[in-house]
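Protein chains in written order, with my numbering: chain A, 2 to 769; chain B, 2 to 769.
Worth flagging that the hints you see were computed from the coordinates, not collected in a lab. Check before you lean on any hint, since a few could be wrong.
List of simulated lysine to aspartate or glutamate pairs, EDC-like, C-alpha gap at most 16 Å [unchecked claim]:
1. B:K492 to A:E70
2. B:K343 to B:E275
3. A:K505 to A:E561
4. A:K424 to B:E541
5. A:K492 to B:D208
6. A:K288 to A:E63
7. B:K424 to A:D62
8. B:K489 to A:D208
9. A:K743 to A:E762
Covered, in the sense of this in silico footprint (three residues per stretch, anywhere, with C-beta under 8 Å from a C-beta of chain A), are these stretches of chain B [to be verified]:
10. 112-125
11. 364-374
What the simulated footprint calls covered on chain A by chain B, stretch by stretch (three residues with Cβ under 8 Å from a Cβ of chain B suffice, anywhere in the stretch; the number is not a length) [stated by the list, open to error]:
12. 147-156
13. 396-409
14. 427-433
15. 461-470
Glycine included, each C-beta is placed from N, C-alpha and C at the ideal position.
Number of protein chains: 2
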Amino acid sequence: MNQHEALHEHIGLEPPHLSRTSTLLHTPQASRHLVYIMLLQPNLTLPSVRGRIPFAKSNLDEYSPSEFEAFDVLRPRGPPDEETQAASLSVLSVDMRVTENKEDHNTHKYVSSNLIVRRNKEFTIIIQFNRDFNEQQDNVELEFMIGSSPDENRGTYIILPIGKEKPEVRWKSRVVETQGNYVTVGVTPDASCIIGRFLIFVVVVNDLGKRRTTRNTETDVYVLFNPWDPADEVYIPSKTDRQEYVMNDVGTIYIGEFNYFTPRSWNFGQFEQEVLDACIFVLDSGKVPLVYRGGALEIVRQASALMNANDDYGVLVGNWSDDYSEGTAPTAWTGSPEILLKYANEGGEPVRFAQCWVFAGVLNTFMRCLGIPTRVITNFNSAHDNMGKLNTDIVLDEMGRLDRSRTKDSVWNFHCWNEVYMKRPDLPEKFSGWQVIDSTPQETSDGLSRCGPTSVSAIKEGELSYPFDARFVYSEVNSDVIYHRSDKQGKTKVIYVDTAYAGKLILTKKTGSSDHEDITSTYKYPEKTVKEREAWQNAERSGMPTRDYLPQPEAGVTIELQTDTVNMGDDFKLTLNINNQTNQTCTINATITGCVAFYTGVTSATFKIENQAATVEASKTESLTVDVNAKEYTPYLKEKGNLLFVVYGHIEETDMSLTTMKVVTLQPPKLTLTMTGTPQVGKVLMISVDFQNPFNFILQNVQLRLDGPGLIPIKIKSYSQILPGGSVKYKMSMIPRTPGKKVLMASLDCPLLRQVTSQLEIEIFEAE
Amino acid sequence: MNQHEALHEHIGLEPPHLSRTSTLLHTPQASRHLVYIMLLQPNLTLPSVRGRIPFAKSNLDEYSPSEFEAFDVLRPRGPPDEETQAASLSVLSVDMRVTENKEDHNTHKYVSSNLIVRRNKEFTIIIQFNRDFNEQQDNVELEFMIGSSPDENRGTYIILPIGKEKPEVRWKSRVVETQGNYVTVGVTPDASCIIGRFLIFVVVVNDLGKRRTTRNTETDVYVLFNPWDPADEVYIPSKTDRQEYVMNDVGTIYIGEFNYFTPRSWNFGQFEQEVLDACIFVLDSGKVPLVYRGGALEIVRQASALMNANDDYGVLVGNWSDDYSEGTAPTAWTGSPEILLKYANEGGEPVRFAQCWVFAGVLNTFMRCLGIPTRVITNFNSAHDNMGKLNTDIVLDEMGRLDRSRTKDSVWNFHCWNEVYMKRPDLPEKFSGWQVIDSTPQETSDGLSRCGPTSVSAIKEGELSYPFDARFVYSEVNSDVIYHRSDKQGKTKVIYVDTAYAGKLILTKKTGSSDHEDITSTYKYPEKTVKEREAWQNAERSGMPTRDYLPQPEAGVTIELQTDTVNMGDDFKLTLNINNQTNQTCTINATITGCVAFYTGVTSATFKIENQAATVEASKTESLTVDVNAKEYTPYLKEKGNLLFVVYGHIEETDMSLTTMKVVTLQPPKLTLTMTGTPQVGKVLMISVDFQNPFNFILQNVQLRLDGPGLIPIKIKSYSQILPGGSVKYKMSMIPRTPGKKVLMASLDCPLLRQVTSQLEIEIFEAE
C-alpha cells in the first residue's frame with residue numbers, strides 16, 4: 002500500500018479506486034476525521050492493515066520521532082515561526098554523567114562510552130537549557146524509547162515529566178538540583194523494566210506542541226538487570242557472590258574425568274568492547290520480543306536456545322565429529338568475546354564450532370553481561386543421549402565384551418551447563434535460587450535445543466512437575482547404568498545395575514578463589530539414604546519411569562578399576578580390585594574391553610580385549626593388573642583423549658555377574674607459559690609459550706591461541722607442523738595498562754591433539 | 002569412511018594408512034576380534050564414529066535386516082547349503098487377518114489394506130509353514146521393527162519368541178492355535194509402546210543362524226493409541242465420548258461472535274485413504290524421535306508445533322493479511338484431508354493458508370487419526386497478541402474516539418484451539434483429563450509457535466505453575482480489557498476496566514448431536530464469585546501480574562450495545578442502553594466509534610464517529626439509537642466481515658467515564674445446498690448448490706468447494722466473476738456406496754467475500 006492509500010485507509014475514506022461510487026468524502030464525519038489525524042498523529046507511520054498486530058522484536062531497530070509535534074489544529078501546522086521559538090525554552094546539551102553513574106551502578110568495567118545502568122537504581126543527568134529553568138512554569142519531559150514501535154502500555158516508551166509527578170508510571174524521575182539553566186534530573190527505571198539500549202530525548206512542551214532534542218547516539222543508555230537490588234528478580238544477597246557471578250570476567254571450567262579433573266581457564270570477557278551490543282544483537286537475532294526482555298525467566302530460557310544454532314541461527318554450531326576443518330575446533334577457543342563478536346560482525350552467521358564447555362562459556366558471558374548472576378557447572382559422568390529413558394543401557398556380548406554396535410546410550414565423561422540465580426515468580430517460592438540452563442543442543446529437551454531454567458532444589462527433591470525440563474536434568478545426574486548381556490542368539494538380559502555412576506561429581510569455581518567447589522549435594526542426597534529414596538519416589542510421581550529392574554540380587558563381591566593419572570602416549574597399568582565380602586571362596590573370570598572414546602562416552606574403536614581369572618578367598622581382596630601399551634591405543638586416539646574400560650566378571654560358584662566401567666582421560670602434553678619481568682603497570686613484561694611434541698608422529702596445522710583479558714588482545718599463531726620431538730616457542734612482550742589480577746591463557750590445537758591448554762595468573766602492581 | 006576402514010575401526014585394528022607402523026595385526030587378540038565381529042554382527046551396518054549417538058527420527062526410513070544371519074564361527078559363513086535348508090522349517094505365508102483384527106480394534110473405518118491395531122489389545126495372525134509346526138522343538142520368532150536403527154532397549158525392535166515366554170519383554174505373544182502347518186499367534190503391543198508403522202518378520206532360528214521372511218509391505222502393521230483401554234494414557238471411559246472424539250470424522254467448528262455464532266462443518270477425514278500415512282509423515286518431517294512416539298504428552302506437544310510452518314516447516318502457513326493469492330484462502334477449505342495429503346504429497350512443503358479454525362481442524366484430524374480423543378474448541382472474545390501481559394489495552398483519544406494507532410492489543414472475536422483427553426503422568430493426578438493444545442502460531446507461547454498441553458482444570462483453578470503454557474491460555478480466557486484515554490498532550494490514563502469481556506463463551510460440538518455444548522464453566526468460575534477470586538489469587542501466586550488497576554470506582558451507571566443479527570450489506574440500528582442505578586439524574590455524552598475489523602479484532606478502517614447525548618433519570622434506563630448505513634461500511638469490508646463499535650460515555654454530573662465495546666459479525670449471503678432423489682445406497686442422488694450475489698459489486702475469482710466424506714471426493718469449481726444480482730448454480734449427481742449419516746459441505750470464497758459456507762446432513766439408507 003502506498004502512503005496515499007494508507008492515509009485514506011486510516012481516516013476512514015475509501016481508497017481512490019473506489020471513491021467514485023461513494024459520497025462519503027463529503028460527509029461532515031469525514032472532514033472531522035481529517036482533523037483527528039492531524040491533531041493526534043502528526044508524524045507517526047500508520048500501522049499495517051494486516052489482521053495481526055506486529056510486535057517489535059529488535060532493540061537495534063529504532064523509531065525516529067519527529068523533532069516537532071504540533072498540538073493545536075486551530076493554528077497552522079508545522080514548526081512555529083522564529084519569533085515564537087526564540088521566546089521558548091530549549092535544550093542546549095545533555096550530560097549523561099557517564100563516569101559517575103557507571104561507578105555507582107557497578108558498570109564501570111564495561112568498555113563503552115555510553116551510560117550503562119542497572120534497574121531500580123537512580124542515575125542522574127544534567128540538562129543545560131538556553132535560559133533558567135522554572136520548575137513551576139516550564140513543561141519538560143524526558144522520553145526513553147526502545148525498538149521500532151515505542152508504546153507506553155508495553156514499557157517500550159517511557160515519558161517522565163521533569164519536576165512533576167506522573168501517575169501510573171513505573172519509571173521515576175525527580176529534579177535533584179537546579180542551578181540557573183542547569184538542571185540535574187534523577188531517573189530510576191523500575192525493577193522489572195525491559196533491559197537493553199534506550200534512546201533518550203528531552204522534550205519541551207508548550208501550547209504549540211512538543212519539541213524534541215535531536216537524536217544523539219551518545220546519550221543512549223543501556224539498562225541492565227540489577228543483582229544488587231532486592232526488588233530485582235536476579236538479586237543475589239552476598240557481595241562475594243556478586244563479585245564472582247556478575248563481575249568476574251575470567252573463570253574456570255572443569256573438564257576431564259571425575260577423579261583427575263582439569264581446570265580450564267575461560268575468558269568470559271563480558272565487559273569487553275562491543276560485547277554488550279553483541280549480546281543485544283543475539284536477542285534481536287533470536288527475535289525475542291522487546292516486551293519479554295524485562296523478565297529474567299524469558300531472557301534466560303530464550304538465551305539457552307539462542308546460544309546454539311539448532312532451530313534458530315543461534316550463536317554456535319555444535320560439532321562432535323573429528324572434523325573441524327570448516328571452522329575452529331571447539332578445543333581451540335580461549336574465551337567468549339572472540340565468538341560473540343564474530344557472530345555479531347558477521348550479521349548473525351552461526352560460529353563454528355562448539356562443544357559443551359564452549360556453549361556454557363558463551364552463555365555465561367551473555368548472562369553476566371546482561372547482569373544475571375551465572376556460573377558454569379560441570380557434571381562428571383553425565384547421563385546423556387538416552388532419550389525419553391531414565392537409564393543408560395550398556396550391552397555386552399555373549400563373551401562379556403562391550404558390544405559397541407548395540408550400545409546406543411552413552412554417559413558423558415563430563416558435561417558443562419550453567420546455573421543462573423533468580424526468583425521463580427511462576428513457581429512456589431522454595432524453587433527460587435539457582436536454576437539450571439543448558440544451551441548445548443541435546444536434541445532431547447522438550448523437542449528443542451534448549452534446556453531450563455529448572456530449579457536445582459526441585460531436582461534435589463525429585464519434584465519434577467514444574468517447568469522447564471526438570472526430568473531431563475534429573476536424569477543427567479541420577480540415571481541408572483544398566484548392563485545387559487546377550488546370549489548366543491542375540492537376546493539380551495539385565496545382568497547388573499549401577500545406580501551410583503551418573504552425576505558422580507558436580508563442580509563449579511569457588512567464589513573469590515581459583516579453586517573448585519563441590520556442589521554435588523545441591524543436586525542430590527547421598528546414595529542409599531532415606532532422603533534419596535524419597536526424592537526418587539517424588540520423581541516417579543512426577544512421571545519418571547518406574548525402576549522396575551530394582552532391586553538387583555547382591556553378589557557379595559564388588560569389583561573396581563583403578564589407575565593413576567596417565568599421560569597421553571604412556572604405557573600404564575590398570576588395576577582391577579576384587580573384594581569378596583562373602584564367606585566362601587570365589588573364582589572370577591573377568592573380561593576387560595578397552596575402547597577409545599570421545600568425552601561424550603561414545604566409543605570409536607575397541608583396542609583391547611583381555612581375559613583374566615582370579616580366585617579370591619572369603620573376606621579378602623585380590624587385584625588383577627592389566628598392562629596397557631601406548632602402541633595399542635595411540636593409533637586411534639586423534640582428538641579423543643579418553644579410554645573407556647568395561648569389565649565383565651562372572652563368578653563361577655554362584656553364576657552371578659558383575660560389571661564396572663571406567664574412563665581414563667589421557668593427560669595431554671604440557672603447554673608452558675612463563676613470565677619474565679616485573680608485573681607492573683607501564684613496565685614491559687615478557688611472556689613465553691613453550692610446547693614440545695612428545696609423540697612419534699607429526700602434528701600438523703597447529704593453532705596456538707593466546708588470550709589475556711586486560712593484558713593483550715587475542716592472538717592466534719599457526720604452525721604448519723611440529724615434528725616428532727620438535728618444539729615450538731613463542732615469545733611476546735606487553736605493557737600492562739591496569740593493575741590487578743589478570744589471567745593469561747593459551748591453547749594449542751591440531752587435528753591429532755586437542756585440549757592442550759594452559760593458564761598463568763599474573764598480579765599486576767600499580768605503577769610506582 | 003569406506004567399508005573397509007569401518008571394519009578395521011570396529012574390530013580395533015589400525016586403519017590401513019597406519020598399519021605399517023604397528024604389529025597389532027598379528028597379536029592373538031586381534032585375530033580373536035576378527036572372530037567376534039563375524040559371530041555377532043554378520044550383517045549389521047556399523048554405527049557412525051561421530052562423538053554423538055544418532056537417533057532415529059523417521060518412521061518412513063526403514064532398516065533392512067538381512068534374510069540370513071549366521072551364528073556359528075566354526076562353520077563356514079554365509080547361508081547354509083541346499084540340503085540343510087530343505088530339512089529345516091520355513092515360512093510359506095503370513096495372514097494378517099486384516100478385516101477381523103480391524104473390526105476388533107475399532108480401526109475398520111481406516112481406508113487401508115494394511116492391519117491397523119491399538120495398543121494393549123491382542124491381534125492374531127496366522128503363519129503358514131512348510132511343514133507341521135512343533136511348539137516344543139521349533140524355534141520361531143516374530144520381529145517388529147520401526148525406523149532405521151531398530152533397538153530392543155528403545156522399543157524400536159521387538160522380538161517375540163513364538164510359543165516361549167520371553168522375560169523382560171513388554172509386548173506379549175502366545176500361540177492361540179496350531180493346526181498342522183498353520184499357527185495362529187496372538188500379539189499384544191504394550192500399553193505405552195511407540196505408535197506408527199512397524200515392519201514384521203517371521204524368523205526361523207536353528208543352529209546355523211536366523212532366517213527371516215522377505216520384506217513384505219502388505220504385512221506392515223500400524224499401532225495406534227487406544228482410548229478404549231484403561232491402561233493407555235489416552236483412555237476415555239465413556240463410549241459416547243469415544244464415538245465423538247475418536248471415531249467421528251465430521252464435526253462442527255463454531256465461528257462468528259458470541260451472541261450470534263455460526264456452526265461451520267469440517268471434514269476431519271481421519272480415516273480417509275493415506276491420511277494416517279500423512280500424519281506419520283508429519284511426525285517424520287518434524288523429526289520427532291521414534292522413542293518419544295509412545296508418549297501422548299510428547300506427541301501432543303510436538304503436534305501443536307508441527308501443524309504450523311513457523312519454526313519448523315510444519316503443515317500450514319498462517320496468513321491474516323487480505324492477500325491469499327499465493328494459495329488457498331483460509332476461509333475456502335472444507336476439511337483436513339485435502340491439506341494433509343497436499344502436505345505429504347509435496348514432500349513437506351507447508352500448505353498455504355490457514356487461520357485458527359483451519360489449524361484446529363487439521364490438528365483435530367491428526368490426533369483422532371493417531372487415536373487420541375480430541376475436540377475443537379471455540380473461545381469467543383479471545384484475548385490475544387497481548388504479549389507478556391494479562392490485560393488488553395484499548396486507547397481512546399482526547400475526544401473519546403478509538404485511537405487505532407495507539408491500540409496495539411486486540412481481542413479476537415473468536416479463537417479456535419483443541420482439547421485432547423489424556424493422563425498427565427508428569428503432574429498431580431487432578432490435572433489429568435482435557436488438555437488445551439493450540440497450533441495457531443501466536444508467536445508468544447514460550448517463544449515458539451506451539452501451545453500446550455495445559456490442563457483445563459488447572460486453568461480453572463488458576464494453578465498456572467505447571468507446564469505447558471498455562472499462563473498464556475489463562476489470559477486468553479481471563480484477560481481484563483483496560484480502556485485508556487489520552488489527554489491533549491498524549492498522556493494516557495486508565496478510565497475503565499472490563500473484567501468480563503474476554504472468554505465470554507467457550508463452545509464445542511456436543512457428543513452424538515449436531516448441537517453445540519457450552520463448556521465455559523470448565524475453564525472458569527462465574528464472574529465475581531468467591532471461587533473466581535480464589536483462582537485469581539492462585540494465578541497471581543503462579544506469576545501472573547498483579548491487577549493493580551483494580552478495583553475501579555463504580556459509576557453506578559452501565560452502558561451496553563445491542564443489535565439483531567445483521568446481514569452483510571444491510572443498514573441496521575445499534576442500540577445503546579444506558580442504565581442509571583444511582584438516585585440522581587445523570588447526563589451522558591457518548592462517542593461511538595465504528596471500525597471495520599478482522600476476526601482477530603484488528604481494525605482496518607474507522608468508518609463512523611458519532612456523538613450523542615442522553616439524560617437518564619435516577620433508576621431508569623434510556624436507549625440511544627445509532628443508524629448504521631451499509632454504504633458507510635461496505636467500501637472497507639473485503640474479507641473483514643466484522644464491525645467493531647467502541648463507546649465512550651462521559652457522565653457530566655460526576656465526571657466519570659464509562660466504556661463498552663461490541664463486535665457485530667455481518668452474516669454473509671446464503672449458500673444453498675439442496676438434495677433431490679432418494680438417499681439410498683446404490684441410487685442416484687442429485688445435489689444442487691445455489692448462490693446469488695446480493696451486492697452491487699462484482700465478485701471475482703470465485704472458488705466453490707464441495708466436500709462430502711463418504712459420498713464424493715472433494716470438488717473445486719472456479720467462476721471468474723459473479724455479477725451484481727447474478728447467481729451461480731452447480732448441480733451434480735452421486736451414487737452413495739455406504740449407508741449412514743453423511744454431511745455434504747460447501748464453501749464459496751473470493752477476495753471480496755469470505756466465510757460463505759453451508760452444510761447438509763444426509764441419512765443414506767441401506768440398499769433395499
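- Task: Could you check the structure against the hints above and give me the numbers of any it violates, in ascending order?
- Result: 7, 10, 11
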